[in-house]
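Enquirer: Sequence:
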Amino acid sequence: MQNRITSLFNIQYPIIQGGMVWCSGWRLASAVSNAGGLGLLGAGSMYPETLREHIAKCKAATNKPFGVNIPLLYPEIETIMNIIAGEGVKIVFTSAGNPKTWTKWLQDKGIIVAHVVSSAKFAIKCEEAGVNAVVAEGFEAGGHNGREETTTMALIPHMRQKISLPFMAAGGIGTGSGIAAAMALGAEGVQIGSRFAVTQESSAHEAFKQRCIDANEGETMLALKKIVPTRLIKNNFFETVEKAENMGASADELKQILGKGRAKKGIFEGDLIEGELEIGQITSLFQDIPTVQEVMKNLIQEFNDAIETLSSFRM
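Quick note: the sequence shown uses the working numbering, first residue 1, plus one each step.
Please keep in mind that the hints were generated in silico from the structure rather than gathered at the bench.
Keep in mind that the hints are not guaranteed to be accurate.
[What the hints assert, rightly or not] Under the rule of at most 20 Å between Cα atoms (straight-line distance), these lysine-lysine pairs were calculated in the PhoX-like manner: (1) 226 x 260; (2) 225 x 255; (3) 104 x 90; (4) 100 x 64; (5) 121 x 100; (6) 226 x 255; (7) 121 x 109; (8) 100 x 90; (9) 100 x 162; (10) 109 x 90.
Given these sequences and hints, build the entire structure.
Expert: Laid out in structure tokens, this is it:
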């Protein structure tokens, strides 16, 4: 398939791996890129020198394009940006901040910039900021979410109406038929997080991966809405937050409950009781922990099967 997304990133398939904290190291990113998609390193959970190391290892593991995902609220953002430019990274996905701040600086260094948004309103601001592409993320997604709580199926048509930029859909997409649905609504590619988080190459803890594939429908919920809405698997930590929120806890009180390193504790260290277990709604469909190559093969086959099935329908 060739379209504006595959051409922009010079990839075979319009499938981008989410740059997820504590999951998206060099093994995952290089595996996705080698399989024909676009792998992303998740800089949000990396110290500057750790990111430099992962960039070097990713370069050694693939000769295909890969990128880095950077939350713009990262405390050492200037250091991170200078490492990315200095190491010759050619693709950056930004999120959680104003795209105007860094887009031109990155593009002046020959770097392609995509920005993640949760509404068409913010996508328009991205277009004004001059980004090359946008990710439209619905609230089905795992981890940090937009405050609008707009579903992916509702968000994509709004995006198509409001912007001319190429854009990828994200949130609740983890199957080939899901990719077909997103593209039918107007997306030109997809960003997939949860399915890649639960693969052999993901750097997440094995206990976390197992908990994800054991999850039932409805076991993820949004929490911490007074801070940043975050989709989590229900556990003791989630129940503590939920109880506090129901009792009217303030943002400061919720920050005290959250503390520091909660996502690392859950995703990377495998604390299923008190850790922050960030994953998307789609995880309840997963039954195994495959390799990235197997995931990509299945996604493409399911996509082609869905398109063939739909082609027989006539109104």
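Enquirer: Please go over all the hints and tell whether each is borne out by the structure.
Expert: Going through the hints against the structure:
{"no.": "1", "hint": "226 x 260", "in the structure": "holds (17 Å)"}
{"no.": "2", "hint": "225 x 255", "in the structure": "holds (11 Å)"}
{"no.": "3", "hint": "104 x 90", "in the structure": "holds (14 Å)"}
{"no.": "4", "hint": "100 x 64", "in the structure": "violated (28 Å)"}
{"no.": "5", "hint": "121 x 100", "in the structure": "holds (15 Å)"}
{"no.": "6", "hint": "226 x 255", "in the structure": "holds (9 Å)"}
{"no.": "7", "hint": "121 x 109", "in the structure": "violated (28 Å)"}
{"no.": "8", "hint": "100 x 90", "in the structure": "holds (18 Å)"}
{"no.": "9", "hint": "100 x 162", "in the structure": "holds (19 Å)"}
{"no.": "10", "hint": "109 x 90", "in the structure": "holds (9 Å)"}
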